[in-house]
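The listed protein sequences correspond, in order, to chains A and B.
Just so you know, our numbering puts 616 at position 240 of the first sequence, and the rest follows in order with no gaps.
Just so you know, our numbering puts 368 at position 93 of the second sequence, and the rest follows in order with no gaps.
Since the hints were derived computationally from the structure, they do not count as laboratory data.
Do not take every clue at face value.
[Unchecked claim] Here's a subset of chain A near chain B, in silico, CB distances under 10 Å, partners left out:
(1) 463
(2) 476
(3) 482
(4) 509
(5) 557
(6) 560
All C-beta atoms in this analysis are idealised placements derived from N, C-alpha and C, irrespective of residue type, glycine included.
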Amino acid sequence: MIVFRDAVVRYPGAEVDTVHGVSLVAATAQLTAVVGPNGSGKSTLVRALIGRVPLASGAILLDDAPVTQLSGDERARRIAVVSQREDLAFPTLVSEYVALGRFPHLGVWRAAGPEDQRAIEGATAAAGVGRLDDRRIDTLSGGEWQRVRLARALAQSAEALVLDEPTAFLDVAHEMAVFELLHRVARSGQAVLLVSHQLNLVARFADHLVLLHRGRVAAAGSPDEVMRAEILEPVYEWPLVVTRDPAVGAPALVPLRGRTGAGRSNEQ
Amino acid sequence: MRAGRWVFLVAALVAVSLVAIAVGTISIPISGLWDAVRGGGDPLAATVVRTLRLPRVVAAILVGAGLGVSGAALQGTLRNPLAEPYLLGVSGGAAVGAVVATALGLGVVLLPIAAFVGALVAVAAAFIVARAAGGRGDPRVLLMAGVVVGAFANAAIMVLLANAEPNVVRNALWWMMGSVGDATWPQIGVLAVYIVVAGGALVLFGREIDVLALGADAAAGLGVDVDRAIRRVFLVASLVAAATVSAAGLVGFVGLVVPHIVRATGVRRHRPLFVGSALTGATLVVLADLLARILRPPAELPLGAVTALIGVPFFLSKLRQLT
Numbered sequence: 377m378i379v380f381r382d383a384v385v386r387y388p389g390a391e392v393d394t395v396h397g398v399s400l401v402a403a404t405a406q407l408t409a410v411v412g413p414n415g416s417g418k419s420t421l422v423r424a425l426i427g428r429v430p431l432a433s434g435a436i437l438l439d440d441a442p443v444t445q446l447s448g449d450e451r452a453r454r455i456a457v458v459s460q461r462e463d464l465a466f467p468t469l470v471s472e473y474v475a476l477g478r479f480p481h482l483g484v485w486r487a488a489g490p491e492d493q494r495a496i497e498g499a500t501a502a503a504g505v506g507r508l509d510d511r512r513i514d515t516l517s518g519g520e521w522q523r524v525r526l527a528r529a530l531a532q533s534a535e536a537l538v539l540d541e542p543t544a545f546l547d548v549a550h551e552m553a554v555f556e557l558l559h560r561v562a563r564s565g566q567a568v569l570l571v572s573h574q575l576n577l578v579a580r581f582a583d584h585l586v587l588l589h590r591g592r593v594a595a596a597g598s599p600d601e602v603m604r605a606e607i608l609e610p611v612y613e614w615p616l617v618v619t620r621d622p623a624v625g626a627p628a629l630v631p632l633r634g635r636t637g638a639g640r641s642n643e644q
Numbered sequence: 276m277r278a279g280r281w282v283f284l285v286a287a288l289v290a291v292s293l294v295a296i297a298v299g300t301i302s303i304p305i306s307g308l309w310d311a312v313r314g315g316g317d318p319l320a321a322t323v324v325r326t327l328r329l330p331r332v333v334a335a336i337l338v339g340a341g342l343g344v345s346g347a348a349l350q351g352t353l354r355n356p357l358a359e360p361y362l363l364g365v366s367g368g369a370a371v372g373a374v375v376a377t378a379l380g381l382g383v384v385l386l387p388i389a390a391f392v393g394a395l396v397a398v399a400a401a402f403i404v405a406r407a408a409g410g411r412g413d414p415r416v417l418l419m420a421g422v423v424v425g426a427f428a429n430a431a432i433m434v435l436l437a438n439a440e441p442n443v444v445r446n447a448l449w450w451m452m453g454s455v456g457d458a459t460w461p462q463i464g465v466l467a468v469y470i471v472v473a474g475g476a477l478v479l480f481g482r483e484i485d486v487l488a489l490g491a492d493a494a495a496g497l498g499v500d501v502d503r504a505i506r507r508v509f510l511v512a513s514l515v516a517a518a519t520v521s522a523a524g525l526v527g528f529v530g531l532v533v534p535h536i537v538r539a540t541g542v543r544r545h546r547p548l549f550v551g552s553a554l555t556g557a558t559l560v561v562l563a564d565l566l567a568r569i570l571r572p573p574a575e576l577p578l579g580a581v582t583a584l585i586g587v588p589f590f591l592s593k594l595r596q597l598t
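The following block holds chain B by itself, in its conformation from the complex (with noise of 0.2 Å):
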């Protein structure tokens, strides 16, 4: 059984990986598949699967993966099933990050960085705006000081580009919207070393996570210090969720339905529920990746707007568990 769900976890992401890469304006047959990845066969099948699709694929699975991730060591950490890198404002900053990292020229690799810089703004400005709200232990509160803080982002990156170029200003609403459509080769090297490192980095916290869910009072009598365990995992998850922004912009409610997912086929502890979920949120964000190339031929729509219609009902269905 337990075994079984790995099995199924893997199968799924691999299966819907193998239907993103076959489907499209030019479909490409199951059995053409592996030549059209070798670069060989059919050499229109293989210009697209090799320098469009499969990029996209690999990139939508690394982007899912590190929101799953994140999403769940949030949730855990704040105790909070609500929490996730978009609702919370983290995404929003690393944004806004971004976009002045993008402005000042940076390179591919100091990208994320400039988004993390960015996302930790932004988690702290959530948290004061908490504070100032009261309710410290009411989950709604500080999601509501996430998603302000994610509109003054918002507004922020407006202001940013009031004078850019009109194909600048488009591009990067665009990207706002989330897409893994221009995902290069060089992009999904650099965000690779980011979601394994900092991803691993969370899933070796794991079991602390744990102890710091069962809330501060015991986690600190378990010898856990707990405002540093809290910050720790918070700078990590930050910067996994800045690594997706800076390759594919803001793909909403993944880290927020992916470990609840997860939690429901029985995965408890946080070590195993943090590879699920960024299993789940591979296969999510491919699938959405997917449905976002097909839904409306020809036009594309934004990544982040189906992750958004997947993710709002969802949202509300937890939230009414909450009242």
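Extracted from the complex, chain A is given alone in its bound form (with noise of 0.2 Å):
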């Protein structure tokens, strides 16, 4: 279980914090989800928790324990993460980088084992990337690639995934599959943090909803609580109904046109 507990951040050199207090908590066993508009501070977050940007208050808890108390190699054995970003500056085959998932275990100098074996290749199965072993990551589709490293995050056998918009720039097919991935691994017993533009999708698989808004918390809860035209509008500052996808009956939220021109004025 991960707790954010009042975090604040801010960059170091800017003059205001880009997260303000908030408090979050992603459960053993179920799939939450963070959600809002570009610079809410979503992916701020997640730099936190690796340590990539200092809290200035506040803490992440890690079943009670502060995060940042845990070496790095700790933290790696028990909470993967999946960031933004991530280019390989010098293409590797799929089995390697799957397999750089166990570094936190290894380190330097241990030498793998038939258990870091098995986890490698029970996240290649869990991920369907098992056919891909041999092939260069820069051969790899937008779709691959993201399941790619998902795997590598699965290799680490964390007992907390956390994604930051694993399904950018993926089709249909492509995001449903990753979104069923990780509502099996939720319900397989790890705690699930995920970072997500895709409100449809999160509305129907997420067991916990958090929207953030200019670095607070502006509404959390279950998705048919969180999910409302009047929280949902003032937040992404455009006109919006939400209506009920009819297929499942979750929470779909439709934007309407006819504010033309009128963008948002708080893009980071």
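Can you join these two chains into the complex? Each is in its own frame, and there are hints to help.
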């Protein structure tokens, strides 16, 4: 279970906080989604979690212990993170890339053993990327690459999985495949914390939704509780209606036309 | 196939080394090499081999191995296919340190340390220049900064040598263009210790450099303290480069070319890449030194000139891939 408690983040050199006291819980065996407009602080939370930006105050806890007090290796053994951007300077094979998920367990001294092999095979199978093993990363499609990154994170055998927009640039089928996979991962007992712009998919798959707005939690709860026009409209600053998707009855957001050229003013 | 690659790399190094020992103003038949190395057979051949050619070839092997590993480590850590100690200004800074140390009369053991200090100053300066130029994500900016720092280091050496004896100046200039011609066994022994220990440390870090090559956020997600890890690799790679500079002066482009050759054979992870780069770098420098001796007889070309003739066209082809 990952807990953000009154987390405040200010980037070094910035004059204002990017995140102003966010509290949220990513519970075990649940899919928790963080949504919100661009610049609302979603990715900053992920970067604070992996120590790329320091917390000004507040805490990030993993089962009641501050994440910042864990060593990097230990944190990575317990929380796997798929960051937003990642481009390889020198292309490797998919199998070699997925094996890097074992780095937090091996460090620079230990040799890989059967346990590592099992974790890699399990992750490869779960992400459905086994047939890609001998491909080079730079020959993969966007959808394949995202699933390979997921496989690498699953190979970490962590108790929590954190993802920053894992379905960016993916088509409908690949997007669905990733969400189905995350759903299965959560059901298998991991805490899954997902940053996403895909409100309608999140509404169908997430157990818990946290809506961020300008670095604060604007709403949190079940998809039914958060996906309401009167909550979403002021946050996204765009006219919209929330309806029910005809297939499964989950809340679905439909942005309306009519505000031509009226862009939002708080883009970062 | 995989084993074949290593057999080939080792065989190439052995073959080039044997030719380099045999060929020269006094040619020695391959069949007589072993006798000459042990000091038997033809006494003239034995003297030439034991006092001139063998130390030269061993020094070239160590220098090439060090430059290859150092270049591969810098490329992986900076995620920059153009990175190498010479172009980053590391070697130039090391040369300033070595010249100062020589002027102060420091011995052969401490010389690499002085070169290392100079290299670190140059690295810091290159990063400051790159930051001033903006464009942190562009691999070409840091290269430009390195070239600027290298030019400054050259100028600093000229100032330091201004009042030196003419023959000291001549020796210094020759050394700055790279040479393993004056290698002595004590020097080679010191170089070997530095290259083996620091190069070995880089091989150990190889797995961490695999992770660093994914980018800062991904590496942090895998538990690596990114800034500290980059600093550590930089320190050790600079030490390796400084050791080669204090023994052989400025030998450019080896660290650039070699890792790309090894990658082209299908090596991707950094541990095998370092081992392959050491072997290939050694082969390349032995070959370049051989060419330096035989291309324009009876004159001898500077080693750094030969490696630059090989390296610059290669650099251009890599630069084109980036744009």
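Results of checking the hints against the structure:
no.	hint	in the structure
1	463	6 Å, holds
2	476	6 Å, holds
3	482	7 Å, holds
4	509	14 Å, violated
5	557	18 Å, violated
6	560	21 Å, violated
When each numbered hint is compared with the structure, violations occur for hints 4, 5 and 6.
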